[in-house]
Every structure is written in structure tokens, then in C-alpha cells.
Amino acid sequence: MRNQRMELVNITIDGKTVEVEKGSTILEAAKLIGVDVPTLCYMNMGDMHIEHKPGGCRICVVEVEGRRNLAPSCVTPVTPGMKVNTHSIRVLNARRTVLELMLSDHPFDCLICAKSGNCDLQSLAQRLGIREIPYQGEHSTYRIDTSPSIIREMDKCIMCRRCETMCNEVQTVGALSAVNRGFDAVVAPAFEMNLDHSPCTYCGQCISVCPTGALTEVDHTRQVINALADPTKTVIVQTAPAVRVALGEEFGMEPGTIVTGKMAAALRKLGFNYVFDTDFAADLTIMEEGAELLGRLNGFLAGDKSVRLPILTSCCPAWVKFFEHNFSDLLDVPSTARSPQQMFGAIAKTYFADKIKVKREDLVVVSIMPCVAKKYECSRDEFAVDGNPDVDFSLSTRELAQFIKQANIDFNSLGDEDFDRPLGESTGAGVIFGTTGGVIEAAVRTAYELQTGKTLDKVDFQQIRGLENVRYASVDVDGFELKIGIAHGLGNARKLLEDVRAGKSEFHAIEIMACPGGCIGGGGQPYHHGDVSILKARAKAIYREDAGKSIRKSHENPYIIQLYNEFLGKPLSDKSHHLLHTHYFDRQDDVFVD
Amino acid sequence: MHLLVCGGTGCRASESDAILENLQSTLAENNLDGEVQVVKTGCFGFCEKGPIVKVMPDNTFYTQVKPEDAKEIVAEHVIKGRKVNRLLYLDPENKEHVADSKHMGFYKKQIRIALRNCGFINPENIDEYISRDGYEALAKCITNMKPQEVIDEIKASGLRGRGGAGFPTGLKWEIASKNAADQKYVVCNADEGDPGAFMDRSVLEGDPHSVIEAMAICGYCMGATKGLVYIRAEYPLAIERLKIAIDQSREYGLLGEDILGTGFAFDLELRYGAGAFVCGEETALIHSMEGLRGEPTVKPPFPAEKGYLGKPSNVNNVETFANIPVIINKGAKWFASLGTEKSKGTKVFALAGKINNVGLIEVPMGTTLREIIFEIGGGIKDGKKFKAVQTGGPSGGCLTEKHLDTPIDYDNLIASGSMMGSGGMIVMDEDDCMVSIAKYYLDFTVEESCGKCTPCRVGNKRLYEILDKITQGNGTMEDIDKLRNLSNVIRDTSLCGLGQTSPNPVLSTLDNFYDEYLAHIKDHKCPAGQCKALMQYVINQEACVGCTACARVCPVNAISGERKKPHTIDTAICIKCGACYEKCKFDAIFIN
Amino acid sequence: MSHIKFKLNPEQLEELKSVCKSFRNEKSELINVLHKAQGIFGYLPAEVQEVIAKELNTSVAQVYGVVTFYSFFSMLPKGQHPISICMGTACYVRGGEKVLDEFKRILNLQVGETTPDGKFSLGCLRCVGACGLAPVVMVGEKVYGRVAPDGVREILKDYE
Amino acid sequence: MVKVKSLADLKKIKSELQSKLDLREKSEHPEKIVQVKVAMATCGIASGAKQVMDFMIEEFEKRGIDAVVTQTGCMGYCYAEPTIEVTVPGKEPIVFGYVNIQKADTIIEKYVKNGELVDGIIPVNYETIEKQ
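Protein chains in written order, with this note's numbering: chain A, 1 to 594; chain B, 1 to 592; chain C, 1 to 160; chain D, 1 to 132.
It is possible that part of the hints are untrue.
What the hints assert, rightly or not - Partial pick of chain B residues on the chain D-facing surface, computed with a CB cut under 10 Å:
no.: 1; residue: 7
no.: 2; residue: 42
no.: 3; residue: 119
no.: 4; residue: 123
no.: 5; residue: 128
no.: 6; residue: 135
no.: 7; residue: 252
no.: 8; residue: 254
no.: 9; residue: 259
no.: 10; residue: 334
no.: 11; residue: 352
no.: 12; residue: 443
no.: 13; residue: 544
no.: 14; residue: 545
Unchecked claim - Listed below are the simulated EDC-like cross-link pairs for lysine to aspartate or glutamate, each with C-alpha atoms no more than 20 Å apart in a straight line:
no.: 15; chain 1: C; residue 1: 54; chain 2: A; residue 2: 498
no.: 16; chain 1: D; residue 1: 5; chain 2: B; residue 2: 305
no.: 17; chain 1: B; residue 1: 522; chain 2: B; residue 2: 570
no.: 18; chain 1: D; residue 1: 20; chain 2: B; residue 2: 127
no.: 19; chain 1: A; residue 1: 53; chain 2: B; residue 2: 305
no.: 20; chain 1: C; residue 1: 54; chain 2: A; residue 2: 329
no.: 21; chain 1: D; residue 1: 50; chain 2: B; residue 2: 240
no.: 22; chain 1: D; residue 1: 5; chain 2: B; residue 2: 240
no.: 23; chain 1: A; residue 1: 540; chain 2: A; residue 2: 250
Hints are computed from structural coordinates only; laboratory data are not their basis.
Cβ coordinates follow ideal geometry from the N, Cα and C atoms, glycine included.
Please take these sequences and the hints and turn them into a complete structure.
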């Protein structure tokens, strides 16, 4: 946004004069005139206030007339009359040499690297036409760290420090820090232990921003293929709402393309016996969580002082682990409702297994998630019965795309197909779980009607949508002012939680998603390379999908109604508690144990 | 009466011992040995004109004395009281003999400003500081001068930062003073990190109050009430003395609230460095003080805008501060009269390495390396040949014979391929291998690089590896090109001063000692005999008398031979420690 | 990474907490706290860092990141008589490396290691500023100047 | 301890201190008051300056010589540590280098008592700013 009163500065870049706001960087100015200076460590997701420009990689250096050395364009502010050359021989040589140096301390296993084809370092090497590495010498070598969700292969780290910014400043998780110095410097958990000995929440934001293959998700595709190939197993799949608005990107489609139908078709082609939808479980979550909210609210209104408000959503596993580590004194505040993934698993392995007469151990539940923390979530002990997990494997959006390609499926030419029933039917409320603010909006749609007995005419709560880090809204529930808060990104969540801890929070309900943007920006989504417009397009698509649904309130989902009638009874029933609710653990000291 | 004979290495080499003996015997002949004592002294630092004989108490200074002159000195000077004119020092400017050494220009070579109190006062006693004009500058500033007037004075003095980069101090203060904020900080960089430099430590140990006083003056100028001294934890004595000094200043009311009843408040705290050379860079230093990793950040923003805890801060080093009270007391004009056109005042150097008078010196800017090394420093140790002098520590370069007469100031040193740095000056002789020296500095830089930016993190490592390869005898001519290109790129693209200057030792040795690189690469020889991989210890069969000393000292039993018969060294076992070489009294062991 | 097992006893824990408190439990005082802690324990074992992180309300990773950045901080206990060889330039050109080699050889140690009996540990340090005495060796607080390789055994004898 | 309250105050204290020092130098028994400064910076201490200082304080007392022994900072002659500066009233200060206990003893006996110089004098080779 150009503000007219802003002071303007004229500078010349590559012989072209450009007028830019005072305080802009050379990089920003260059962009305005179509000069694309390459960058590597730089990251700017302006709308979400995520900025990382340590000026460390030195790839974006340019020559500034009158300056002794080259200037990093990402952090050098323009000055009036500045003359910049972005491709002088001196610059080109320096940029190439710096990249050669980086590559001289980088493994040469591009062929088998998980990041191949999506790697910023690889693209840059291509772009600069690097064909040999003149500088040979010692390579940094580290033990590969495998945790339930994330693999750290720090041999591939180029010290851009993006992960560190995400982990510490954006997420305030504090699992990672730069350690050691000089050539030995690397980003690692405390004492260079594995991530599973750290307060890591497995949100995967480090993976989302890693420009190389240093941080990737644990790949479970192989196990899924094995299950599909096993004739004794019935393999069913559930797909999270945010997957359908991002998967298309992996096949060259515009961000925000909705591929729900193609995705169902592809999954069926891959051999899944039933293709279901996590959105169904999202509707179920609303039934349980909504009931819990109303229960607490009505207790509060009746003067019960023991009621804990606000209630916090609990569908994000990274967020759950975050508060188990950092707010273990507030474990009774979040809703006890399991996440949609786990509700789906529990219902699939009981209600649905009975329906199709398959034994629990012969039913394999696979989830497709925009997330890597979901891998960790389904491995948590409390979500297994006699060692058999409710959800067997969780694949990320990226893994699914890879799997589809591997199976020779021409995704783009697939026709649309529907989900199977009964666990494939969902409402618009279930869909919007995929973006920040969606869960609370879905909850309000249901809670309003259940509480007041009236029909909600206007289901679109525009005031709680958007990408602002922390959002507040109040909803008039028949004269009662329901105050809700929304935070995405764990750092923002921390602020709201600290208010709760201090007894200052005025909210009745708070929705929290660990990833900036919510699940659309999840750690398992196609790489957005720091481009916020991609996240915006995905969010829009989510709301489009919602608007296109005939039913938009969870409690109106006929198969949910059927599930309660046939199996669960009512929300918060004993059976619901047993299958759909959980409890939390104090993990504040649960790290660094050998 | 006393006759002082120089016993420094240089003079002894030119027979000062014989002069001493002759003087003694002549005095005895004349029955004067009871009245007149002949005393051997340390080096006068004037070896060029040695041997020196000085007569006390009249301060007569005889130069280039020969043993046979002893008789004349006794006969004329001691007995008749007439000075021996022909032996008197000849002033090179007016060609007159100087009778009293106090009038010799030589003594003007060193002028102590920053070191004015070092070695004079008891640093743990504020009274001694006060009796030597201490705190008068502060008092003058806060009672009689406006902050801008003080800044103008500092600007007029031409004082530039003594930490190495040489930014004008007054200008720095002015910028910091103009940035409004509720809190500002004065920071003293006492994290002296150059290996072989100890100027700041000496000032803090010898004259801590001068730094305290200057910081308070700076605080007054920029509107800061808090000062922080970032000091190396490895300097326990300096820390202790500084603490004592701060306490004393507080007791006297020279720190704290309402100083001298003017309403001006200023106080100091110490912050400890923890062993990171890069923390000498001001942004890294500030991060370190904030409890973070000492990684530098890109400037702008400069500390003057956003420094410690995000507040405007001014960082100067110890020596810079130590100059301030003198400038205020004696005036900018006086200060600016010393030095060269663009570098005013004096500079403290820590003189070390293969030089006779290792020590701390302070000379006006513009003094030449020759004056420092051969006059003040007393020349090269053990009469060896001067090869190079390294200035500026790991950021500097090696200067050679051809730079000896260059007047030293910020700009000339940079033009010569080195830099002022904080003032370490390491002298090297013919036994020093310049490729190894470059490697030594790169080893240091690799160890001390913070790792934030690619060129410094990886580039210096690669530079080191190439240098190592050359010292192992495996270098190629292509490696020279690589060294040059890498050095230039590291200089051009590194984030902070550490990386921007770290290739200087490589580039300056490439420029000045290219032949040595060639010898390593093409002839597989290390001319200085330092590179172990390129040398072999061999026993000269003709010179060896079979004393067995070498065999006994060899730690790995690589030397064999019968008693009284020539020995041999098994080169396969030899670890090239050089113990035999040093032990052999017959010069029978040589390096091939 | 191997870790020396270290367990804080209640008094040590209290002492450490009071150190943090004396710096107002402020994150920005981390380095001061680490200096004090190393003064108490001689080194900074993992458990000490964990307590400090908690008390200063920062992450253990950050504390570890700081500890590993500065060469003054150590996570390994030093020997009863820590030996440090100055590797400043003045000492280097006057043969500091040869002296170091001799210590390595006699004690059969690498830099950073401690003898099995815990008596000596070997380290390098940057200039101590005693360049006039180069090469310089420090054993504990004691400074030995003008050390030659064949003087190494003599120095060690002082500690037998 | 008194607080310095103004510039005038500071000047007063300074002149008091200076006359006190002067008094020490121009006392009625100048031959009896000897001033010794021991360079006690890190290099000095590392080479044994502390022992020399202790020795001199003790010995002056034992030998009945009225002397003031104080510490000071680095004199700059690192090559010749420990260094001390001895001022016998009425005479120029003399700096001695390489002072160990033995040497200190000789300095007391020969120079302080009899005015005989001893080996190891370090010629001072700089100007102070007072002279400028």
C-alpha cells in the first residue's frame, strides 16, 4: 500500500530509475522494476508479521556505487540518488563464489533428497549455472535425527536460520537454537539431542520454511503401500479439509484450486477400500466441543465458580503439545474433545468396523493431513487400543502428491468423484476447520442454534475471518454476548494463554491453530516458499467450498445424526467420552531425559 | 658519578661488554673505581646508534662508542669534566651535537597520552588520579560546557576510534546525542581480542579512572546516564581494579546522582565477555551484553540509533576513552598538533614477537615502523634479520622492509594492505614462514567466526584448508588463484568487520611474500624451515662427533649411532620436533 | 553427544536459583548468570543449563546456544590443574605450538581433554597479554613465562 | 569519605593532595623517604612482582629505611618484568628491570643506601604530556 504522504526516494538500479518509499530495501525497489535479485535466507510474510532477514547468506549482494564492499540488498535501505548494479562482473563472481562455498559444505545427494525439485538451494545452483565446485574441503557431518514427525539431516543445513526464527520468534516453542560457532555452527535442539527430547511441538513450520532438505517430514508412504498391498487388510482413508485446497499446487494448478473430487478419485485409484472425509469428524468434533462449550457456559451463567472459561479448542496436535509443555498448570482449560483425525479413527475402528464386519486389527486407517504433527498425534499411546492405533498412518499433502505421481495417476485429467458413506459426508462447518477461525465459526453456528433453539440465518461470520495474528469478536447469542478469540501461530497463542494464566482473559472461547494461517499453512502442505498470497488463495478456497455446501452446520449433518442415534447416544455421553475425548499430560519436565 | 653502558642485545653484539671492561679497568688505573660506578643497563632502544654509554648525573649521551674510546671518556669526561664531543649524539636536523640526552629528539618518539598514568600512579587510589588532573575534565565539561561544545571539542581534536576502524569519535558522539530516547547507553569495548595485543588491558590495569571519567563525559554529551564496560572475563586483574575504581568514584560522588551538584547523573556497570573475538564488533558486543550469542547484525541500524536493549548507544574502545580527558584538559588544538593530517594524536602499540624490547609503547601518529622496531623496540632478537611486521591482528596484514619508512596512520596502513587494528604489532624474523603465519591467522579466524554469514563461515575454512595444503607441500598454482578470488569475495561479501578483514593476512603475504608461496608449491621447500611436512632433519656425518646428545633428547628414538661415531636420523620415525636440532652443540644437524 | 552425569543436590539448586535471582531472573543477564554458575560448578553441565533456562524464562536450546558460542564456557569438567597454552601471536611466533605439542605428547592428551585421573586438562587460550613472557603457559592461576619444550616436564613436576 | 561537590571542591582536593605529595618529597629528612613503585599489571605479577613488592616492604621496615612502596600499572617494559621505579629524594627516578628478590636486595643495599647504581637499569624513553 503506497501512502501518498510517504517520503519518496529516487534510486537507479541497473540503469533504470525507480521511485520508492523511504525505508524500502534495495531488494524491494528492484522488485518494483522487475529486477529479480536472488535471495536465500530472506523471508518476508508481511501479512502475518513474519519477517526473517538476517543478512546471512550473502546471495543477494549487489554493487552500490561509492560503497567499499557489496551490499546485501535484502537489508540495505535505499538512499537518495543511490546507484545500484545487480549484475556487474564483481557481483556475479561474488554471488557465484558464495554459492560455491555453500555447496562445498553440502552433500551431493540431490538425486535421492526428499527436497529435490523443491529445494531453493538446488534451484539457485541451476539459476547461477553452477557446474562444478572449485572449493573442496571438510564437510559438516551430523547424526540424522528422526522423531515421530520430523527428520533433521543437518549436513544439508546452510544456516539460513529460518527454522530458528519460526521456532523461537513465531512459534515461541524454543526447541531450536543456533549452537556452536563458525564452521561448526548449526541449528539444533539443546545439547544437540534429538527433537523428541526437546519441547518441539512437531508443528513443522521449520520444514515449511527450510530452503533445503535439512528438515523434512518422516515419510510413511512405504508403510501405506504395504498395507494397501496386504490382502488381509481393509484400508480406509480420511482427508483433512485443508488438503483439498492445496493438493492441486503439486500438479501445477493455481493456488486455491479446489480438487476435492479429483482427490477422492485419486485415492480410490490408489487402492483405498473406502475414501472418507475428516470433515465428517470435524462435524463430530463440533458436536462434542460445542456441547462442552455450552455446558461450561451455562454452568458459568448459573453461577458455578468452578467452571473453567474460556474453553480452548483442542483439534491441533502441535498446539496440544505446546500447552502440555508450556502451560501445564492450565491442563483443565482446553476442551477434552479429541481432534477430528482421532475422532475419525476411534469411530472408524469401532462403529464403522462393526458395520463392515472387519476386525479392528484388520482395519487400517490412513489420514491425509496438511500437517506433520498429526504423525506424532496418531502415535500417542492414549490413541491406541491394546497397541493398535486408532489412526495407523498419517501422510502429508506432499506425501500424497508424491504417492499419486508414483502410481502413474494423471491427476489433472481425473474426473470428480464423491467420498464414500457414511464417514464421507460433511457440512460447510467441517470444511472451514482448514483455516484459522474456522473451528470457532463452525462451533458458533452450532452452539447458537442449540443454545437459542433459533435458526441462524447468516452463517458467514466475516468478522472472525482473515489473517490477523490475533482476532477478537463477540457474537450475540440471544442477548448474551459470547466473546471469542482466535490466534494462529503459537507465539500469538502464548499471548492469549498468558492472559488466561493471569486471570485477565475475557473470552469465553478461544480457537488456536499452531500454524500461521491455520491448517492451510500447515507444516505438511505444498511448500509456499514464503509467499503469503498462496495461503490467502487457499483460505479463500476453503470458504468457497463452505459456501457451496448445501448443509453448513455440523449438527445438521444427517450422518452425524445417524451416528448419535445408532451408536453414541448424545454428545458427552459415556461412549462419547470414551471414544471422542482425551486427557492431557504435564510435559514441562518431559525433555532432555536420556 | 655513574657510567651507564647499554647491555641490550644490539649493543652487546657491537662489543658493549668490552667497553664496560675497558671503562672499569681505566677507572681502576686511575683509582677512580671507588667513586665512579660502571653499570650495565637495559636497552636504550637506540640500537641504530649503539653502543651507548650514558653518563649520570649530567645525562651525557655517547653514541657509537668503541672499546678503545673508554680511555678518552675517563680521561676527559670523568677526570677533566669535559665532554667528548665527537661521541655526542648528532642531531640529524640541525647537525649539532646534543650534550644532554634530555634534549634529544629521540625522546620525542614516544609521547604518552593514553598511557599517561600507567606506571605512574597507584591505580587503586583515586587520590593519585585526582592529583594528576583526574576528573578535572569531567568537572569542566559538566559545569562549564554544553554537551555540544564538548562534542565540538572532540571533533576538533580529530580523535578517531582506536579500536581499529578509525571512525571519528566526535562525530559518533554527535550522532548518538541527536537520537532522542528515554534511555541511552555509553559502552566501553574492553573485549580486547587480538592475539598479541594488550593495550586496553594495560590501561584498565594502570589507569582505570581515565576510562570512567571519559565515559561519564560521553554520557554527558549524548544524554546517557548509564555506562557499561564490556570486559574480557580473562582479565581478572583489570576487572578488579576497575571495580575498585568505580567504587571509589561513587564514594567521591564522581559517579552516581547529581555529580558535582550539577544534576548530571551517571553510573557504570560491568558486563563480561566470555571468549568470542567477534564481540569486538559493536553490534555483536551489544548482543552479547543482552545475553545472546555474540553475532553481529547488519548496520544500519547503527548502535547510535538502536543499540543495547534497542536504545541509542555509543561504543568506544578503552584507548579511545583514555584520550578524552587529556583532550578536554589540554585542548583540541594541542591534541591535533600531534600526528598526521588525517590521524591525530598518538597510538598505543603492543610490541611483541621477535623483538628485543617487547612492551607497550605510545607514539605519535606518523611515526615510522623503522623508528618503532629499530629504535624503540631495540631491533630484532638474537641479531636475526627482520622479515615482516604484522599489524592489526587477524584483520591486518604483514608489512615488510619496503614499508618500514611509511609513517603509520590509519590511511597509510590500509593503503599498505594492513590496518591499524587495535594496536598489536608482531615482529617476525627470517625464521618465520609467511605461509604458516597466514595459516595461523586463518586458523584463528575460523575458530572465531560466528558462523552467521556464508563467506566467513565457509570461505575462511576453505582459505585455511588451501593454506594448509600448501604448507603440506601439496599446493598447486591453481590454489593461488583460488586464494586470491576467495579472499576478495570474502572481503567483499562478509557481514561484519571480522570477515571483511580476515583475508588480509592472506592477501598481504601473497603480495609481499609471493616467492615463499612459490617455494612451497613448486620446490616443495619451506624457506624458513618451519613447515614440518617439507623438511627433514639430517645429521652432517662429518660434523657429528657422536656425543649422543641428540639421541638422548629424541622423544621417539629416531636417532641411532654408536658413541663417538656419527649418528643418523631415521626420517620415517622422526616427528620433526626439532629437539635434536636445538640440542646439538656442533651444528651437525641441519634441515633439508 | 555424551554427557557427564551430573546431579544437583538441593543446596546447589538453591544456590543456582539465588544466582539467577540476584540478576533479577532477567534473560538479558544470561551470560552473567553463566559466569557465576561456572564459577560455582567449574563447568556448565546440562542440568545446570536447564535450571538456568527455567529460572530466566528462556529455552534450554537458547542457553545451550549461548554456552556453545563462547569459548570461556565449558560443558566438560576441567582437570584439577587445568593447563592452558597461550596461542596468541606473540607466543605462536616464539614457539607456543611446540610447547603445546610437548604437553600433548607427555600427557597423551588432545586439547580439551582431561587425564583419566582427572589431574590435568589441556586447553589453549587466546592472548593473556603477557606477550613479554612469550611463550606463556598457565596452570590454574599460575603463569609460566618463556617456556621451552624441554621445560614442560619441569612445570609438570610442580604438580606431582 | 568526603564527596566532591563541585569543580572548586575538586580543585581544592587536588591541590591538597599535591601538596601532600610535595611534602613527602620535600620533607625535612629527604634522605630518609624513598619511593618505590612496582609495576603490577598482569605481566608483572606473572613474573613475580608481588613477591618483590612484599619483600621490599618487609625489608625497608627491617632495615629501618623510611620508604613508601606502592603498586602501579604497566610501565611498558614487558620484556624486563618485573620492573620497579625507585625514587631516592633529590634524584631522578630510576627504573630497574628483571627485578627478583635477590636484585631487590641489591637495589636496597647499593642504590637506596649508597646511591650506587646497579645493573639492569631501564632507560626511560618517552615523554610525558606534562612536558608538552
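Here is what the structure says about each hint:
1. 7: Since the shortest Cβ distance to chain D is 7 Å, the answer is holds.
2. 42: Cβ of residue 42(B) sits 4 Å from chain D, so the hint holds.
3. 119: holds, 3 Å
4. 123: holds, 5 Å
5. 128: holds, 8 Å
6. 135: holds, 6 Å
7. 252: Residue 252(B) check passes; min Cβ-Cβ to chain D is 5 Å, inside 10 Å.
8. 254: Since chain D brings a Cβ to about 6 Å from residue 254(B), closer than 10 Å, the hint holds.
9. 259: holds, 9 Å
10. 334: holds, 7 Å
11. 352: Holds - the Cβ of residue 352(B) comes within 10 Å of chain D, reaching about 8 Å at its closest.
12. 443: This interface hint is violated because 25 Å lies over the 10 Å limit.
13. 544: The hint is violated - residue 544(B) has no Cβ within 10 Å of chain D, the shortest such distance being about 36 Å.
14. 545: Violated - the Cβ of residue 545(B) stays beyond 10 Å from chain D, reaching only about 36 Å at its closest.
15. 54(C) - 498(A): Roughly 16 Å separates the two Cα atoms, so the pair holds.
16. 5(D) - 305(B): This hinted pair is violated, its Cα atoms lying about 34 Å apart.
17. 522(B) - 570(B): violated, 26 Å
18. 20(D) - 127(B): holds, 11 Å
19. 53(A) - 305(B): holds, 19 Å
20. 54(C) - 329(A): holds, 15 Å
21. 50(D) - 240(B): holds, 16 Å
22. 5(D) - 240(B): The hint is violated at about 27 Å.
23. 540(A) - 250(A): Given pair residue 540(A), residue 250(A) holds - Cα atoms ~18 Å apart, limit 20 Å.
In this structure, the hints that do not hold are numbers 12, 13, 14, 16, 17 and 22, in rising order.
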